[in-house]
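Please model the complete structure; the sequences and the hints are all you need to start from.
Take a look at the letters that make up each chain.
2 protein chains.
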Amino acid sequence: MLDLTPWIALFTGSASVSNLPLQMLIVFGLAKLCGEISERLRAPAIAGEIIAGMLIGPGLLNWIQPGELIHSLADLGVMFLLFRVGLEVRASELVRVGGVALLAAIGGVMLPFIAGYLIVSQLGHPQIEAIFVGAAMVATSVGITAQVLTQRGLLNHRASRIILVAAVIDDVLGLLILAVVSSLAKGGIDFLQLSLTAALAIGFVLLIVFWGVGTATRFLPWVKGHLRIAEADFVLALVLLFGLSVMAVYAGVAAIVGAFLAGMTLGESADKRVHELTSGAAELLVPFFLVNIGLQLDPKVFLDPVALVPALAIFVAAVLSKFFGSGLGAWRLGRRDAVKVGIGMIPRGEVGMVVAQIGLSFGVIPQPIYAAVVFMSVMTTVVAPPLLKWAYRETPLRD
Amino acid sequence: MLDLTPWIALFTGSASVSNLPLQMLIVFGLAKLCGEISERLRAPAIAGEIIAGMLIGPGLLNWIQPGELIHSLADLGVMFLLFRVGLEVRASELVRVGGVALLAAIGGVMLPFIAGYLIVSQLGHPQIEAIFVGAAMVATSVGITAQVLTQRGLLNHRASRIILVAAVIDDVLGLLILAVVSSLAKGGIDFLQLSLTAALAIGFVLLIVFWGVGTATRFLPWVKGHLRIAEADFVLALVLLFGLSVMAVYAGVAAIVGAFLAGMTLGESADKRVHELTSGAAELLVPFFLVNIGLQLDPKVFLDPVALVPALAIFVAAVLSKFFGSGLGAWRLGRRDAVKVGIGMIPRGEVGMVVAQIGLSFGVIPQPIYAAVVFMSVMTTVVAPPLLKWAYRETPLRD
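Chains as they are written, first to last, in the working numbering: chain H, 1 to 399; chain G, 1 to 399.
Everything labelled a hint here was simulated from the structure, so no lab data went into it. A hint or two may mislead.
A pair counts as met if it fits within one copy or between any two copies, since identical chains are not told apart.
Think about it this way: if two alpha-carbon atoms lie no more than 20 Å apart in a straight line, the pair counts; the simulated SDA-like pairs of lysine to any residue are [stated by the list, open to error]: (1) K224 to G267; (2) K300 to P58; (3) K389 to R228; (4) K272 to V213; (5) K186 to Q127; (6) K272 to A230; (7) K224 to E36; (8) K272 to E231; (9) K224 to L41; (10) K224 to G29; (11) K389 to G334; (12) K300 to L94; (13) K224 to I37; (14) K272 to L155; (15) K224 to R336; (16) K300 to W63; (17) K224 to Q151.
Set out below in structure tokens:
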């Protein structure tokens with residue numbers, strides 16, 4: 001429809017003309033247009049940006065297809081998003097809320113797993129399918145909530161800190177559940193390997209939090225003092241961001257956990273310039289993360305009752321089970337903050353879809369159930385921002 | 001060598017684990033490391049970043065292979081580089097140096113074409129090969145020079161402005177020469193189509209410079225006033241950047257010409273925040289542009305006399321012909337500034353390689369000549385920064 005490449009090839013005699021600028025214009029421009037419309041409908045812009053992905057995806061307009069480039073820009077986007085969040089919070093303050101966050105994470109893992117298992121069992125599917133859907137409903141994708149809280153200047157609210165810490169713990173728990181269900185799909189659980197996986201993931205996070213932050217605060221200024229290249233502060237920050245992301249992947253947790261820890265490591269020493277330059281990269285890349293979520297969902301599912309009913313059931317169960325699971329875990333904070341935590345943990349985003357894809361590749365999840373999990377993953381990211389706005393309605397805004 | 005992906009796949013049961021953070025770490029980290037070494041050897045960092053590409057490329061360490069992702073990040077990098085340059089200069093001041101720049105561009109197109117044609121003819125190759133190599137030696141890649149001038153705060157020097165304008169004119173002239181030689185390779189020249197190509201490219205540039213800048217200055221503040229999304233200024237800037245890049249591609253010129261014009265269009269109205277956020281995106285992406293140039297060259301060519309001799313001949317001819325061609329065109333400025341212009345136009349970078357690739361795809365350029373053109377393209381980008389530093393040695397620096 002918008003592909004004029006052959007026309008250009010007429011002049012240059014080459015079919016290899018890149019349509020990169022056009023892809024950038026469509027994704028970035030339409031994301032921001034839908035974000036603007038969303039704001040005018042009194043919903044957060046982020047919901048509109050995800051919906052933009054549904055509109056331009058293969059299901060409807062087919063202007064953009066999920067591919068390596070969009071996917072990589074999306075991954076970079078969520079890494080920069082979490083890096084920026086890490087820059088804004090203090091490790092010492094996060095450690096202090098660790099107890100409540102642990103309860104919120106455990107509650108928010110157990111209830112969704114049980115809910116997913118029961119629903120899919122009740123729909124008459126085999127046990128392994130029910131277990132996989134349960135696992136896919138576990139992992140919170142903290143990027144969506146973090147972006148809403150960042151844009152509204154609410155990152156240092158008590159409930160926000162608990163959401164961030166709970167999301168990191170949730171990622172480790174999700175890794176372990178995924179390891180267990182993957183083993184089940186392959187035949188049996190290897191408890192030695194499972195213990196190693198757990199030790200590596202937990203060890204990595206604790207090592208960075210309790211040793212890395214202090215070391216970096218002493219060590220980085222010394223390195224900076226010896227560098228002659230331009231923007232040395234930002235260069236070091238990016239090397240730390242990519243370095244800890246790589247280590248996180250090798251430790252078994254998500255790259256964004258490494259990105260978050262990298263931001264937190266720098267938080268105490270980063271100057272204003274590093275914050276500004278990070279914002280520039282994040283503003284460019286985050287829309288790709290949001291659009292890429294929307295791209296996964298074919299909006300035609302809304303018109304097909306046979307697909308829609310189980311998808312809606314799984315979606316509603318995912319919202320309620322995470323809300324009550326994490327909310328009850330954080331009950332100690334009082335009702336209002338517990339509600340904030342419960343809602344902040346709702347988005348599943350890319351994490352749920354990855355689990356479902358693994359199930360699909362093992363042949364233990366059929367296509368319709370996979371589609372229902374994708375529906376749940378995407379729609380939880382769409383409903384969370386307006387709910388969060390409501391939950392934080394009485395909290396003073398920065399802007 | 002560094003690929004631990006299978007090891008991760010052990011845990012997750014999936015082979016689709018992305019090694020994106022690792023690619024980012026290797027490219028960005030080693031580019032900056034080589035940049036730092038380069039600075040300590042009293043050469044500009046940019047030369048080291050290009051050499052980093054040669055080191056990690058398939059010819060030597062084989063850590064990174066040229067592919068869609070690196071190529072796209074590189075293209076984005078040079079777009080942001082030129083956008084940032086455009087933000088720093090004023091259209092009105094560039095129009096004033098148009099006359100000298102036109103002469104510098106014409107001189108810098110004619111001499112390299114003749115030099116390339118003569119050398120390849122003298123080496124005993126057929127006429128069509130000689131014409132293609134001549135065409136590949138024409139187009140200046142202004143990104144390298146622009147980055148050096150930006151980093152040293154020299155963009156608003158008189159010679160710098162002439163280099164920027166001459167590079168835009170050079171791009172249009174290069175497009176026309178490419179259209180002519182492509183037609184020759186396909187059988188004959190269609191003068192009507194050639195005129196249309198010329199009219200479209202020249203019309204686009206003139207339209208933006210003489211009408212777009214003024215219109216945007218009046219129109220954009222009005223749009224901004226009506227937007228409710230966060231960072232609306234930067235969002236509009238990026239939409240303009242991608243939009244004009246798309247239009248540039250459809251008008252037949254390089255996307256970076258559109259990016260440069262977009263920056264210039266905003267220059268008058270962009271506030272400090274837009275400059276800062278643009279710098280953030282540029283600092284992240286520009287190293288990919290530089291590394292991607294280096295990736296194209298296999299450093300083993302330096303050890304092979306049979307390949308090295310013709311490559312060196314073409315390289316030396318490319319440097320001298322552009323230096324004297326553009327330098328004599330700018331002679332009116334006096335010797336010192338003419339030398340700056342002549343040196344600033346030397347880098348060929350990705351543009352020369354694209355022409356050579358087209359020749360290769362038409363079967364009119366054999367592989368050894370293609371390799372020699374790649375050598376010339378990459379090495380002109382490596383030698384230009386130190387020469388530029390020398391040429392501007394008496395000019396007061398900002399930092």
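Now the hints, each set against the structure:
1. K224 to G267: Classified as within: same-chain Cα gap 15 Å, cross-chain 32 Å, threshold 20 Å.
2. K300 to P58: within (11 Å within a copy, 45 Å between copies)
3. K389 to R228: between (45 Å within a copy, 16 Å between copies)
4. K272 to V213: within (19 Å within a copy, 32 Å between copies)
5. K186 to Q127: This pair counts as within: shortest intra-copy Cα distance 14 Å, inter-copy 64 Å.
6. K272 to A230: Close inside one copy (16 Å) and across copies (19 Å); limit 20 Å.
7. K224 to E36: Classified as between: cross-chain Cα gap 12 Å, same-chain 40 Å, threshold 20 Å.
8. K272 to E231: both (12 Å within a copy, 17 Å between copies)
9. K224 to L41: For K224 and L41, only the inter-copy Cα distance (18 Å) is at most 20 Å; the intra-copy one is 46 Å.
10. K224 to G29: Between copies only: 15 Å across, 37 Å inside.
11. K389 to G334: within (19 Å within a copy, 64 Å between copies)
12. K300 to L94: neither (42 Å within a copy, 52 Å between copies)
13. K224 to I37: between (44 Å within a copy, 15 Å between copies)
14. K272 to L155: Within one copy only: 17 Å inside a chain, 25 Å across chains, cut-off 20 Å.
15. K224 to R336: neither (44 Å within a copy, 36 Å between copies)
16. K300 to W63: Close inside one copy (16 Å), not across copies (43 Å); limit 20 Å.
17. K224 to Q151: between (30 Å within a copy, 18 Å between copies)
Hints 12, 15, counting from the list given before, are not met by this structure.
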